[in-house]
Amino acid sequence: MVGLSIGEKHFIQGGIAQDLRSDGRKRLTTRPIYVETGVISQANGSARVRMGATDVIASVKAELGRPNALQPDKGKVVVNVDCSPTAAPMFEGRGGEELSAELSVALQCCLLGGKSGSGAGIDLSSLVVVEGKICWDLYIDGLVVSSDGNLLDALGAAIKAALSNTGIPKVNVAAGASGDEQPEVDVSDEEFLQFDTSRVPVIVTLTKVGRHYIVDATSEEESQMSSAVSISINRQGHICGLTKRGGAGLDPSIILDMISVAKTVSEQLINTLDSHIAAAEAGEEES
Amino acid sequence: MEYVSPEGLRLDGRRPMEMRQIRGEIGVVAKADGSALFEMGNTKVIAAVYGPREVQNRSQQLNDSALVRCEYTMANFSTGDRMRKPKGDRRSTEISLVIRQTMEACIMTHLMPRSQIDIFVQVLQADGGTRSACINAASLALADAGIPMRDLVTSCSAGYLNSTPLLDLNYIEDSAGGADVTLGIMPKLDKVTLLQMDAKLSVETFENVMQLAIEGCKAVATYIREVLLENTKQLEYRRGI
Numbered sequence: 000m001v002g003l004s005i006g007e008k009h010f011i012q013g014g015i016a017q018d019l020r021s022d023g024r025k026r027l028t029t030r031p032i033y034v035e036t037g038v039i040s041q042a043n044g045s046a047r048v049r050m051g052a053t054d055v056i057a058s059v060k061a062e063l064g065r066p067n068a069l070q071p072d073k074g075k076v077v078v079n080v081d082c083s084p085t086a087a088p089m090f091e092g093r094g095g096e097e098l099s100a101e102l103s104v105a106l107q108c109c110l111l112g113g114k115s116g117s118g119a120g121i122d123l124s125s126l127v128v129v130e131g132k133i134c135w136d137l138y139i140d141g142l143v144v145s146s147d148g149n150l151l152d153a154l155g156a157a158i159k160a161a162l163s164n165t166g167i168p169k170v171n172v173a174a175g176a177s178g179d180e181q182p183e184v185d186v187s188d189e190e191f192l193q194f195d196t197s198r199v200p201v202i203v204t205l206t207k208v209g210r211h212y213i214v215d216a217t218s219e220e221e222s223q224m225s226s227a228v229s230i231s232i233n234r235q236g237h238i239c240g241l242t243k244r245g246g247a248g249l250d251p252s253i254i255l256d257m258i259s260v261a262k263t264v265s266e267q268l269i270n271t272l273d274s275h276i277a278a279a280e281a282g283e284e285e286s
Numbered sequence: 000m001e002y003v004s005p006e007g008l009r010l011d012g013r014r015p016m017e018m019r020q021i022r023g024e025i026g027v028v029a030k031a032d033g034s035a036l037f038e039m040g041n042t043k044v045i046a047a048v049y050g051p052r053e054v055q056n057r058s059q060q061l062n063d064s065a066l067v068r069c070e071y072t073m074a075n076f077s078t079g080d081r082m083r084k085p086k087g088d089r090r091s092t093e094i095s096l097v098i099r100q101t102m103e104a105c106i107m108t109h110l111m112p113r114s115q116i117d118i119f120v121q122v123l124q125a126d127g128g129t130r131s132a133c134i135n136a137a138s139l140a141l142a143d144a145g146i147p148m149r150d151l152v153t154s155c156s157a158g159y160l161n162s163t164p165l166l167d168l169n170y171i172e173d174s175a176g177g178a179d180v181t182l183g184i185m186p187k188l189d190k191v192t193l194l195q196m197d198a199k200l201s202v203e204t205f206e207n208v209m210q211l212a213i214e215g216c217k218a219v220a221t222y223i224r225e226v227l228l229e230n231t232k233q234l235e236y237r238r239g240i
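Chains as they are written, first to last, in numbering that gives the first Met the number 0: chain G, 0 to 286; chain E, 0 to 240.
Isolated chain G (complex conformation) (with noise of 0.2 Å):
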């Protein structure tokens, strides 16, 4: 995928070692984090995230439909990532779809916690206007418009931000519906709720190169990496979700320790993008 040479490899690896990057960061140091919120007009709530070369778009649509047999009191949450050919001309064709579907089913443990969907960072029971009958489902796409490694975390912190940013249209529902029959609901476009985002995760990926790890990796970073751990971490400090992708193995007692240096860097991860995504909000209030 990235065309390097042997002496570019031993100078990443030999950065990593000592703890100094190609682009001058420390091992455990991000990117910094452009957030722009309210990008999509069409949709119910948007934002743009960029980390260095990796910009990503993530949309939030929200769609009344039924909620599942099995669990009548949650609404339903569906999370697809896209990679536009923009980003690499790789992507073209199908050939993005395997990197679509990976980046999908990893967010899709991270902020949805399960079948059951017990521990997931949005509210599901928040989604239902009437229990059993009608709820919400929500669509959120991800589209990685270019790619420059760490495409987990960008998409993640897009996510949450698409989330902050969403409003989700108040429903009036007909009394006098009973059994069976499905009521008649009035969707205002008027007054809208807001989420809940306090406990959306962030995901924080460390990638092993040599026998360091690394947070927010770029590409060539991410061309040396022997495995990647995928943590995605709340504000309380739980972890919601993990994912390990690479094809070394990895020692538990490594792991356990990539998990609390992921949770010391999540706690800063999380106040960036909080404040990033209050000022974005007042901006495109402004304007």
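Simulated from the structure, these hints should not be mistaken for lab results.
Here the structure is a predicted model, which means the values were calculated and not measured.
Treat the hints loosely; a few may be bogus.
Simulated DEER-style distance windows between Cβ atoms [to be verified]:
{"#": "1", "chain 1": "G", "residue 1": "Glu7", "chain 2": "E", "residue 2": "Ile240", "range": "27 to 35 Å"}
{"#": "2", "chain 1": "E", "residue 1": "His109", "chain 2": "G", "residue 2": "Ile254", "range": "36 to 44 Å"}
{"#": "3", "chain 1": "E", "residue 1": "Arg113", "chain 2": "G", "residue 2": "Gln17", "range": "53 to 61 Å"}
{"#": "4", "chain 1": "G", "residue 1": "Asp72", "chain 2": "E", "residue 2": "Glu17", "range": "45 to 53 Å"}
{"#": "5", "chain 1": "G", "residue 1": "Gln193", "chain 2": "E", "residue 2": "Leu194", "range": "45 to 53 Å"}
{"#": "6", "chain 1": "E", "residue 1": "Thr231", "chain 2": "G", "residue 2": "Ile258", "range": "48 to 56 Å"}
{"#": "7", "chain 1": "G", "residue 1": "Pro168", "chain 2": "E", "residue 2": "Gln195", "range": "36 to 44 Å"}
{"#": "8", "chain 1": "G", "residue 1": "Ser125", "chain 2": "E", "residue 2": "Ser201", "range": "39 to 47 Å"}
{"#": "9", "chain 1": "E", "residue 1": "Glu24", "chain 2": "G", "residue 2": "Pro168", "range": "25 to 33 Å"}
{"#": "10", "chain 1": "E", "residue 1": "Glu17", "chain 2": "G", "residue 2": "Lys8", "range": "53 to 61 Å"}
{"#": "11", "chain 1": "E", "residue 1": "Gln60", "chain 2": "G", "residue 2": "Ser125", "range": "31 to 39 Å"}
{"#": "12", "chain 1": "E", "residue 1": "Gln20", "chain 2": "G", "residue 2": "Ile254", "range": "48 to 56 Å"}
{"#": "13", "chain 1": "E", "residue 1": "Ser4", "chain 2": "G", "residue 2": "Val170", "range": "29 to 37 Å"}
{"#": "14", "chain 1": "E", "residue 1": "Glu24", "chain 2": "G", "residue 2": "Gln12", "range": "32 to 40 Å"}
Every residue, glycine too, gets a C-beta built ideally from N, C-alpha and C.
Given chain G's structure and the hints, the job is docking chain E onto it.
Here is chain E on its own, set in the frame of chain G:
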């Protein structure tokens, strides 16, 4: 339905010969050789150009000119209703082809034999006139990539509703069933490179509508030139000349 009110205003408050607000931005995709964002009202597209580079598939290599390829994709969230399966349908294949042919006409392919140029356009928001917006974005991106071109290609659509020629149709006007003429021109050479129309029109009206579209294309060309000039000034400033 009334698309032009008696006061001469359209549904979104424009005059019949008024274009939507256009905005172009160069260099939105850091990793691409050339890239641009182009907005026409609510329609928003990103184009990225990779190349000229080695031909990926040897059997497609051309010995006397460059191979130009194009792919058009729409984001899931680009339309009002969420799309389920956007990739590789007939509509996007057709638009890819149209954009490829239009751009190929202006690129000086004979200067870059045995090489390949990829143009990728990604629709972020669709509100009518995606074809035109894509061509304008691709034009900017190709210029940003420094690919030799005979001229810029700019595109604009025009239609005919309520016996009034309308410039730059939005989605509602586009789906109203009237004629829709999409035109692409090379403004300096004054040549038409793309012309598509659906529905029927009398020859006289067609002349008027096409004239309107040409005016639109020229206005877009003036704007694109401004954007490019501004970008070049920025580059010059950064180099410290």
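Outcome of the hint check:
no., hint, in the structure
1, G/Glu7 <-> E/Ile240: 27 to 35 Å, "holds (31 Å)"
2, E/His109 <-> G/Ile254: 36 to 44 Å, "violated (57 Å)"
3, E/Arg113 <-> G/Gln17: 53 to 61 Å, "violated (43 Å)"
4, G/Asp72 <-> E/Glu17: 45 to 53 Å, "holds (51 Å)"
5, G/Gln193 <-> E/Leu194: 45 to 53 Å, "holds (48 Å)"
6, E/Thr231 <-> G/Ile258: 48 to 56 Å, "holds (50 Å)"
7, G/Pro168 <-> E/Gln195: 36 to 44 Å, "holds (38 Å)"
8, G/Ser125 <-> E/Ser201: 39 to 47 Å, "violated (58 Å)"
9, E/Glu24 <-> G/Pro168: 25 to 33 Å, "holds (32 Å)"
10, E/Glu17 <-> G/Lys8: 53 to 61 Å, "holds (56 Å)"
11, E/Gln60 <-> G/Ser125: 31 to 39 Å, "violated (57 Å)"
12, E/Gln20 <-> G/Ile254: 48 to 56 Å, "holds (52 Å)"
13, E/Ser4 <-> G/Val170: 29 to 37 Å, "holds (33 Å)"
14, E/Glu24 <-> G/Gln12: 32 to 40 Å, "holds (37 Å)"
Violated hints, listed in ascending order, are 2, 3, 8, 11; each of the other numbered hints is respected by the structure.
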